[in-house]
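**Student:** Using the sequences and the accompanying hints, generate a full structural model.
In case you want the letters, here they are:
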Amino acid sequence: MGANNALVRSLIALGDDHLILGHRLSQWCGHAPMLEEDLSLSNMALDLIGQATNIYSHAGQLEGKGRDEDALAYLRKEQQYYNLLMVERPNFDFAHTMLRQFYFAVFMELYWAEIQNLGEETLRGIAGKAVKEMSYHVRHAGEWIIRLGDGTEESAARMKKAVTALHLYTDELFTVNGTLQLCIDGNTLPDPSKLREPWNAIVEQVFKQAFLQIPEIPFPQEGGREGRHTEDFGHLLCELQYMQRAYPNQKW
Amino acid sequence: MTESFMPLWEVFIRARNGLDHKHVGSLHAADAEMAMQAARDVYTRREEGNSIWVVQSKDIVASDPDKAAENFDPAADKVYRHPSFYDIPDEVGHM
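Residue numbers (my numbering), protein chains in the order written: chain A, 86 to 337; chain E, 2 to 96.
Heads up, a few of these hints could be off.
Stated by the list, open to error - Sample of chain A residues at the chain E side, in silico, Cβ under 10 Å:
hint : residue
1    : Ser111
2    : Gln112
3    : His116
4    : Met119
5    : Glu228
6    : Thr237
Hints listed in this document are in silico derivations from the structure and should not be mistaken for laboratory results. Only a predicted model underlies this, so the values are computations on that prediction, with no experimental measurement involved. Every residue, glycine too, gets a C-beta built ideally from N, C-alpha and C.
**Tutor:** Listed below in structure tokens is the structure:
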């Protein structure tokens, strides 16, 4: 794979993370536990989908085959999406949703900060806007985790359950496959494996206040980056792509 | 969601530097930090401001509507309290 193709593929994977997590958050719209949080979740969903739009648009231009952000978002098949498994996990409950958001946002805040030190101008521009949005997601989700972990018996139990269910998907954040390695070698994208330590430190800090512990993960779950997804992903895509599939080229 | 878990907060937003914070509405939140975040999410989605104050509604002392007559009516016939009985020199311009 050439350097440009590797960058396009890795950017599409990054865009997929944002689109899919944004879609998951959008599923809370009208269903959140309280009105204030309904707006917060929708705000965060819109931040992520906006970032996905920018990343896809940039990837499409680099690719030069005429695929725009809509083609990338709506016209691929399940195995052509390369998002992390974590972001496609269902919402389950509010504890799961906040923890998934926290894990991803802590990582992305570090990642965008790294991109600002390398990458070409368009990517640095995307990063400059996104890093602020991610700081807020970290703060919002982090504060909820602390309050739920240190809350009632019920909320603490749900928080612990969420950690058990989701932590085994966090390894994939730091995995480097062959495609990404080409980008790291070419200095076009940061090396995520170097972010594991700072990520752990931030997660531990919040977990300590939330009376949670980072569990041992003997068998981490991966595969999304190679297009291997969980069963829930097909259902998600059905909903996400329905309008474009039913009414091709439909515009607002 | 009981009132003791999620008390009511009043939200004040300053639209621009140099202006006053104006009351924009209220919301429910568990504590000050969460109230601040909810205020940001509910009331500044369309660039409404650059500064937020939140205060618990119970901490605001409000005048009693039943005492409106004794509080406010006595000012009604004291028009001389407005500085409208002075001739302002033209050089002063708009005040």
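**Student:** Does each hint fit the structure? Answer for all of them.
**Tutor:** Verification of the hints:
1. Ser111: Nearest chain E Cβ about 15 Å off; hint violated.
2. Gln112: Result: violated, 18 Å to nearest chain E Cβ.
3. His116: Violated, about 15 Å.
4. Met119: holds, 6 Å
5. Glu228: holds, 6 Å
6. Thr237: At 9 Å from the nearest chain E Cβ, Thr237 of chain A passes the 10 Å test, so the hint holds.
Hint violations for this structure: numbers 1, 2, 3, all remaining hints satisfied.
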